[in-house]
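Trainee: Chain residues, written in single-letter form:
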Amino acid sequence: MERARVPPSVFAPRLRRGLRRPAVLAIVGSIGLGIGLVVLAYHEASLGQTGLRHYHIFWAGMWLVFAPLIWLVIRTDLAIRGRLAVVSLLGLAAYFPRFVRAPSMPLMYDELGHWEATERLFRTSKLFQPNDVVKMASYFPGLHTLTVGLRELTGLSTVRTGTVLVVCFHLLTLLGIFQIARKVTHDDRMAGIAAAVYAVSPSFPFFDGMYAYESFAIPLMVWSIAAAVSAIAERGTTRRAWMVISGVIGLTCVITHHLTSYVLVVVLGILALCQFFSKRHRHVAGEGPGDIALLAGGLGGVAVCWAVALHAPVITYLGVFPQQGLATLRQLVTKATGGGQVVSGGAAAQERTALRPLFGGSRLPHYERLISFAIQPALFVAFAIGLWKGRKTRGGAFWTVALLGLAYFISLPMVLTPGGSPGAHRTWTYSYIGLAVVVAMGIGALTKGSGKRHRALRWIAILGVCSVLMGNYASAVNDSERFPGPFVFGSDGRNMPTELVDLTKWFVQTEGRGRVVLSDLRTYAAFGSYAEAKDPVSFPGWEVFFPVTPPRPQIVAELRDAGIQFVVVDDRLATEPPERGTYFSSFEPGVEEPLPEASVSKFDSISWLRAIRHTEHYTVYQVIGG
Amino acid sequence: MFSTRKTGIGIVLAAVIGAWLPEPGRAIVTIVAGMGGPTWAFGLLVRRYLSMNDDMAWAVGAMLMLATWSLGMLLLLLVGIHLARPVVVMLLAAAVLGPVHGATRERLVWMRAGKPE
Numbered sequence: 012m013e014r015a016r017v018p019p020s021v022f023a024p025r026l027r028r029g030l031r032r033p034a035v036l037a038i039v040g041s042i043g044l045g046i047g048l049v050v051l052a053y054h055e056a057s058l059g060q061t062g063l064r065h066y067h068i069f070w071a072g073m074w075l076v077f078a079p080l081i082w083l084v085i086r087t088d089l090a091i092r093g094r095l096a097v098v099s100l101l102g103l104a105a106y107f108p109r110f111v112r113a114p115s116m117p118l119m120y121d122e123l124g125h126w127e128a129t130e131r132l133f134r135t136s137k138l139f140q141p142n143d144v145v146k147m148a149s150y151f152p153g154l155h156t157l158t159v160g161l162r163e164l165t166g167l168s169t170v171r172t173g174t175v176l177v178v179c180f181h182l183l184t185l186l187g188i189f190q191i192a193r194k195v196t197h198d199d200r201m202a203g204i205a206a207a208v209y210a211v212s213p214s215f216p217f218f219d220g221m222y223a224y225e226s227f228a229i230p231l232m233v234w235s236i237a238a239a240v241s242a243i244a245e246r247g248t249t250r251r252a253w254m255v256i257s258g259v260i261g262l263t264c265v266i267t268h269h270l271t272s273y274v275l276v277v278v279l280g281i282l283a284l285c286q287f288f289s290k291r292h293r294h295v296a297g298e299g300p301g302d303i304a305l306l307a308g309g310l311g312g313v314a315v316c317w318a319v320a321l322h323a324p325v326i327t328y329l330g331v332f333p334q335q336g337l338a339t340l341r342q343l344v345t346k347a348t349g350g351g352q353v354v355s356g357g358a359a360a361q362e363r364t365a366l367r368p369l370f371g372g373s374r375l376p377h378y379e380r381l382i383s384f385a386i387q388p389a390l391f392v393a394f395a396i397g398l399w400k401g402r403k404t405r406g407g408a409f410w411t412v413a414l415l416g417l418a419y420f421i422s423l424p425m426v427l428t429p430g431g432s433p434g435a436h437r438t439w440t441y442s443y444i445g446l447a448v449v450v451a452m453g454i455g456a457l458t459k460g461s462g463k464r465h466r467a468l469r470w471i472a473i474l475g476v477c478s479v480l481m482g483n484y485a486s487a488v489n490d491s492e493r494f495p496g497p498f499v500f501g502s503d504g505r506n507m508p509t510e511l512v513d514l515t516k517w518f519v520q521t522e523g524r525g526r527v528v529l530s531d532l533r534t535y536a537a538f539g540s541y542a543e544a545k546d547p548v549s550f551p552g553w554e555v556f557f558p559v560t561p562p563r564p565q566i567v568a569e570l571r572d573a574g575i576q577f578v579v580v581d582d583r584l585a586t587e588p589p590e591r592g593t594y595f596s597s598f599e600p601g602v603e604e605p606l607p608e609a610s611v612s613k614f615d616s617i618s619w620l621r622a623i624r625h626t627e628h629y630t631v632y633q634v635i636g637g
Numbered sequence: 484m485f486s487t488r489k490t491g492i493g494i495v496l497a498a499v500i501g502a503w504l505p506e507p508g509r510a511i512v513t514i515v516a517g518m519g520g521p522t523w524a525f526g527l528l529v530r531r532y533l534s535m536n537d538d539m540a541w542a543v544g545a546m547l548m549l550a551t552w553s554l555g556m557l558l559l560l561l562v563g564i565h566l567a568r569p570v571v572v573m574l575l576a577a578a579v580l581g582p583v584h585g586a587t588r589e590r591l592v593w594m595r596a597g598k599p600e
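In the order they appear, the protein sequences are chains A and B.
All residue numbers for the first sequence refer to my numbering, where the first residue is 12 and numbers rise by one.
All residue numbers for the second sequence refer to my numbering, where the first residue is 484 and numbers rise by one.
Chain A with its partners taken away, still in its complex shape (with noise of 0.2 Å):
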């Protein structure tokens, strides 16, 4: 007898009618009321509250808010339009605690410094002016000449328009990630999941929700990757327009941002080369990726030119991270083979690659940090799942979005040292593209069936995908880049209260833009942005803070050369030591810290510096004869 042949199970055949009127009031009340929550934690750290009464609150907020959107990607059978609303919510969602984090001023260091450059690019129209807080900034305006337009069409501020922006970079980061994994996956319903798993990747909803010129880098690069993917299917004219997409965008990313460029010109090339030997593997007809290996050649080569005619010091500036990276893997496979001593090339090349604790002294709940310890392997046997599922049936663009997320995995050791820690998370922002992609893979393949195992998989899968969301705050965000709260000497976020920047607008009325002022990295970023004051960048500051007894004649004549003008001290200098581990540089000799008193009280007995303005906390001195 012949077996009859079952058709394949419809996924949730009664979803297609859509939404039921509770679930989307259930899923707008728990949106409504997770924003609410949101808020409330921020107003609540505003306060200054010492416990973690706001963590608690902010997380059942954000659980709240993703849960239900998460939800929709994995569990309804929506339409396109309806997929991509969600993901633009997502977007939203992501960007929300950065926005009531600081919405009416730059915070952040990296922010000041992009405020500035716009400020001064909207009053003088002159390209290039060297910027002094982020010294790459003046080389890569493609985000200030995008803010000055519609600055002076729209008539906002630069932190208004700023703020638009960013919301824009947001949701267009998330859709091209959707068509990215659309292309990859030819599944609307897996290309939403790798949108919801990259809204919680560790960057992209604070780092990435600064308003500077790598979250602007980050939707041009995605985008141009996402054409360039697209144009892998269509041949002719369809073909030929797509490449032109990925190749006018992709040249907007080389005018943006040094890094994020050259990352895209690599991943271009990778993926040239694997739709090559995939094509070749396969025996599959259509066109070959011959435009695809030359968009990536040609965008190479721009981003060459462009570096070396504005001389923009990109391999001193980037060379760090290689540098610290490959110290940091010296590191570990000597402390792995039970080998000696490292062989680095200071000491304080070596204290930066000795292994840290992570979290060390962190202020951070202790759930959050369990749970970005235990994301990882959850986040590996996904990807492993999607790997396998996509092994045989997939093309050049999956083999490079696989690539890309094994990256992440590669760069997790890297973590544990201080040296090598900034330089992977960076790379993070890069490597959850293929990661996402993948990982949405693993978790659509268990998660597709209607049986009670496939609705259970789906309720972790939410879990899951939240939990995420949380580990990536634990290891990406510390309090005080996150929560408003008490000034925190030598922080980002908590370093720029009203009483700094209301002492720089005395500055800038009193003495004018443009001086050259010395004070420690934290102190400076407020007086570079608000005052543009020059960074006296070849000095070295610790020579005159460090030392309890006032400077050595020959440091005095070093620091008249260098045409220092004013000095400003935070006494806070003596009472607290700075979060980030240094107060200038990474080139600073090790010191005690907090500084002793003496350090600070010394300023007022040195004869050729004059205190001009005191505040609660700050004196300004000028250089007399300076």
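In case anyone wonders, no lab produced these hints; they're calculated from the structure.
All of these numbers come straight from a predicted model, not from anything done at the bench.
Heads up, the beta-carbon is just placed ideally off N, CA and C, and yes, glycines get one too.
Some clues are possibly wrong.
Said to hold, decoys possible - From the derived model, a few chain B residues whose C-beta atoms are all more than 10 Å from chain A:
hint : residue
1    : M484
2    : L496
3    : R588
Claimed, not checked - Each pair of labels, with its calculated beta carbon distance range:
hint : chain 1 : residue 1 : chain 2 : residue 2 : range
4    : B       : T490      : A       : F384      : 53 to 63 Å
5    : B       : T490      : A       : L417      : 45 to 55 Å
6    : A       : G40       : B       : G585      : 22 to 32 Å
7    : A       : V519      : B       : L504      : 53 to 63 Å
8    : A       : T248      : B       : P507      : 39 to 49 Å
Use these hints to put chain B onto chain A, whose structure you have.
Mentor: Here is chain B on its own, set in the frame of chain A:
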């Protein structure tokens, strides 16, 4: 209903008028026209040339809008043009009317059938 070309001209006119309105009218009108206009125009172009019939076309349009503002302003500033409202309105007009023209022009018959003698 308005034709696509008339809508494009309408967006540019709204931006021209809006740019000289008092706040907050200026901000509201110009942000919608300045970002929405080019997004819509490039989206139309994408729908026509990439046969992209779903809403992702607007996302591609939005990316091209951002790229046009960024690259366009860079070029204008590089050639020494000072920032001014008429300058950015001109750039906006080009970013809307250019793609609208590309999206609505008739394909010439001889391009497919061969140029007539």
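Trainee: Which of the numbered hints above does this structure break?
Mentor: 6 and 7
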